[in-house]
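Visitor: Please work from the sequences and hints to get the whole structure.
As they're listed, the protein sequences go chains B and L. The letter at position 131 of the first sequence is residue 145 when you use my numbering, and the numbering goes up by one with no holes. The letter at position 117 of the second sequence is residue 428 when you use my numbering, and the numbering goes up by one with no holes.
Computed footprint of chain L on chain B; a stretch qualifies when at least three of its residues, placed anywhere within it, have a C-beta under 8 Å from a C-beta of chain L: (1) 196–207; (2) 211–220; (3) 225–239; (4) 293–307.
In case anyone wonders, no lab produced these hints; they're calculated from the structure. Quick caveat, the model's predicted, so the values are computed rather than measured. Heads up, the beta-carbon is just placed ideally off N, CA and C, and yes, glycines get one too.
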Amino acid sequence: MTLAHRPGGHSAARRRALLGRATLTWPGLAYITAFMAVPVLLVLGFSFLTRGRFGGVVAPFTLDNFARAVEPVYLRIYAVSLLIAAATTALALLIGYPTAYAISRLPARWRTVALICIVLPFWTSFLIRTYAWILLLNSEGPVNRTLLEIGLIGAPLRLLYTPGAVIVGLLYAYLPLVVLPVYAALDRLDPLLREAAMNLGASRARTFWDITLPLTIPGALIGAIFVFVPSLGNFVVPELLGGGKTVMIGNLIRDQFLEARDWPFGAVLALMMIAVLLGAFAGQAAIARRINGTARA
Amino acid sequence: MTSMAATPLIRIRGVGKRYGSVTALADVSLDIHHNEFFALLGPSGCGKTTLLRAIAGFEDPDEGSITLTTGDTQPADAGEVDLLALPPNRRPVNLMFQSYALFPHMTVSANIAYGLEREGLARSEIARRVADVLVTVDLQDKASARPRQLSGGQRQRVALARAIVKRPKVLLLDEPLSALDRRVRADMQVELKRLQHEVGITFVVVTHDQEEAMSMADRIAVMEHGRISQIADPVTLYQRPVSAAVADFIGMSTIIPGQAAVDGFTALGERLPAAPSGVIGPALLVIRPEDVRLHADDPTDAAMGSLSGTVLATHFFGGTSTTTVTVAGLGRPVLATQIGPPAHRIGAVVRVGWPAERAIVLPDTP
Ligand SMILES: Nc1ncnc2c1ncn2[C@@H]1O[C@H](COP(=O)(O)OP(=O)(O)O)[C@@H](O)[C@H]1O
Ligand SMILES: [Mg+2]
Chain B
15 MTLAHRPGGH
25 SAARRRALLG
35 RATLTWPGLA
45 YITAFMAVPV
55 LLVLGFSFLT
65 RGRFGGVVAP
75 FTLDNFARAV
85 EPVYLRIYAV
95 SLLIAAATTA
105 LALLIGYPTA
115 YAISRLPARW
125 RTVALICIVL
135 PFWTSFLIRT
145 YAWILLLNSE
155 GPVNRTLLEI
165 GLIGAPLRLL
175 YTPGAVIVGL
185 LYAYLPLVVL
195 PVYAALDRLD
205 PLLREAAMNL
215 GASRARTFWD
225 ITLPLTIPGA
235 LIGAIFVFVP
245 SLGNFVVPEL
255 LGGGKTVMIG
265 NLIRDQFLEA
275 RDWPFGAVLA
285 LMMIAVLLGA
295 FAGQAAIARR
305 INGTARA
Chain L
312 MTSMAATPLI
322 RIRGVGKRYG
332 SVTALADVSL
342 DIHHNEFFAL
352 LGPSGCGKTT
362 LLRAIAGFED
372 PDEGSITLTT
382 GDTQPADAGE
392 VDLLALPPNR
402 RPVNLMFQSY
412 ALFPHMTVSA
422 NIAYGLEREG
432 LARSEIARRV
442 ADVLVTVDLQ
452 DKASARPRQL
462 SGGQRQRVAL
472 ARAIVKRPKV
482 LLLDEPLSAL
492 DRRVRADMQV
502 ELKRLQHEVG
512 ITFVVVTHDQ
522 EEAMSMADRI
532 AVMEHGRISQ
542 IADPVTLYQR
552 PVSAAVADFI
562 GMSTIIPGQA
572 AVDGFTALGE
582 RLPAAPSGVI
592 GPALLVIRPE
602 DVRLHADDPT
612 DAAMGSLSGT
622 VLATHFFGGT
632 STTTVTVAGL
642 GRPVLATQIG
652 PPAHRIGAVV
662 RVGWPAERAI
672 VLPDTP
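Guide: Following this line, the structure appears as structure tokens:
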């Protein structure tokens with residue numbers, strides 16, 4: 015590269031280009047600053063302060079909130095939350111992946127119809143949909159009645175207000191969030207890769223295990239994060255379908271801000287959630303790089 | 312058809328394929344012989360890929376048959392397999408995809424080993440054959456790299472290695488060199504040819520580059536709009552094209568529309584040099600640039616024929632030069648190639664002629 019061709023040689027044009035790009039980027043930057051950076055920084059600041067008498071935070075700097083977060087009573091709640099979120103995520107993948115796969119095999123115009131059906135529930139209120147599960151699962155509800163009628167059970171099962179009901183509610187709420195990214199990954203997958211595998215002697219099943227599944231794992235992990243993280247933080251479903259007996263980390267956070275008025279401790283719990291989210295995305299990105307062969311050796 | 316040499320390895324008969332209103336293949340029939348380097352040549356969209364995919368099993372033809380001769384060593388067990396009845400993973404043909412279709416989540420050696428693993432070969436055997444083929448394509452040091460870490464030429468060689476390591480009866484290559492730049496492409500043409508000799512596999516190469524087809528193939532099938540126009544060896548194709556379209560596609564040529572009669576060819580109100588052809592009526596005269604002679608305008612030189620024109624441009628390529636001459640009444644200029652530098656200056660008036668026996672007269676069928 016000669017001196018004459020060094021970057022900056024066309025400085026006027028470059029400056030104009032940079033200016034143009036800045037004009038295009040600043041609304042996005044402003045949005046992210048206002049709605050992400052500022053709240054996260056506030057939460058971070060709160061977590062080192064002392065609770066005010068009527069909510070809010072007051073001056074003395076302290077690490078007590080963090081110490082409190084690892085007390086056994088809270089560790090139990092985290093464990094229950096993680097178990098429920100993990101079970102929900104596993105079930106969502108088990109149901110969502112085959113669903114997405116089936117949709118991706120439909121003729122083009124039916125694919126759109128199927129995808130619309132998948133997101134349709136999002137057009138009604140989350141609360142109403144959760145209440146519907148109370149009707150379905152209670153001891154006189156259609157589920158119990160059907161089971162009684164076909165003689166599978168002798169007495170109504172206690173379905174409502176159990177961890178199982180919470181899982182069902184979360185699964186129902188977030189299942190589309192796994193179907194969509196998996197579908198996108200399947201749709202993006204180069205069909206020639208499958209043909210290449212078959213051309214080399216692989217059966218259809220073999221091709222799925224060797225090519226389709228590994229190459230759509232990054233998409234499935236995105237779906238898993240989309241289900242896992244909001245399941246962990248959800249407080250409506252544990253309350254309504256868990257009957258308040260299943261306390262999850264989301265309920266805990268909500269209580270700190272709205273009932274216990276312990277904002278600093280609530281902030282610590284919220285920070286933990288953010289950490290889980292960031293960790294999950296970092297893990298997903300690392301795995302995706304490995305699979306795609308773009309990782310540095 | 313009793314001698315082995317006459318039994319084609321692949322026999323394609325009357326194959327047709329339509330996508331809605333688009334006819335991708337129409338009544339395609341051709342034979343591909345053992346150990347042949349066969350090229351499918353034609354402009355983009357003429358159905359080359361569709362034909363390869365039909366052989367590999369990724370498209371179902373609407374009609375026609377594709378069969379493969381088995382037992383090529385023992386005439387006793389020579390039989391024909393209906394390829395169309397086999398699923399893609401059971402066909403003894405390997406396809407090297409135009410875009411290579413390497414598995415991004417596998418290393419180079421895993422990509423190459425994949426087909427051998429599907430055959431259920433022993434691990435040691437697989438390792439040996441992968442190592443061997445890596446040497447053949449000169450990629451020993453890339454065995455554990457991922458496809459994304461390779462250059463275009465290296466990926467192309469991995470794709471080739473992955474296909475030939477299976478030792479298929481037929482290797483189908485879809486525009487194998489089109490993604491490479493000119494210099495690498497020339498090297499790879501030589502390399503492919505050498506490889507074909509070395510591994511003794513029948514190659515069917517698709518290309519839209521006539522020079523590539525001419526330089527590599529034993530025989531070429533020229534395709535147009537889903538149909539085969541002509542199947543011949545490169546020299547015949549060049550010297551005896553069956554249509555002006557084939558002549559135009561294979562090498563450079565000047566095509567002059569006119570009238571053919573028993574006693575010669577007439578165009579622009581002049582009789583032009585042409586050998587007797589048997590064509591009567593509307594006809595096209597095809598003449599190759601290296602056969603065209605240019606002379607300083609001299610009306611007394613009757614042997615040259617009576618066309619004259621003006622030199623429009625000259626190009627000197629070192630060993631040869633090409634002169635472009637506009638002739639009044641002709642839509643396209645006449646090209647003349649000669650050894651050495653151009654002999655006429657731009658703007659000069661010249662006589663244009665050629666030996667009668669070098670002119671090809673073809674019926675002008677629309
Ligand atoms: N899956 C398909 N659906 C519709 N049309 C197709 C399809 N595949 C090929 N075609 C059409 O068939 C014709 C031949 O295509 P192709 O075999 O890919 O040509 P080539 O390889 O010679 O460039 C083209 O007109 C192309 O648009
Ligand atoms: Mg093609």
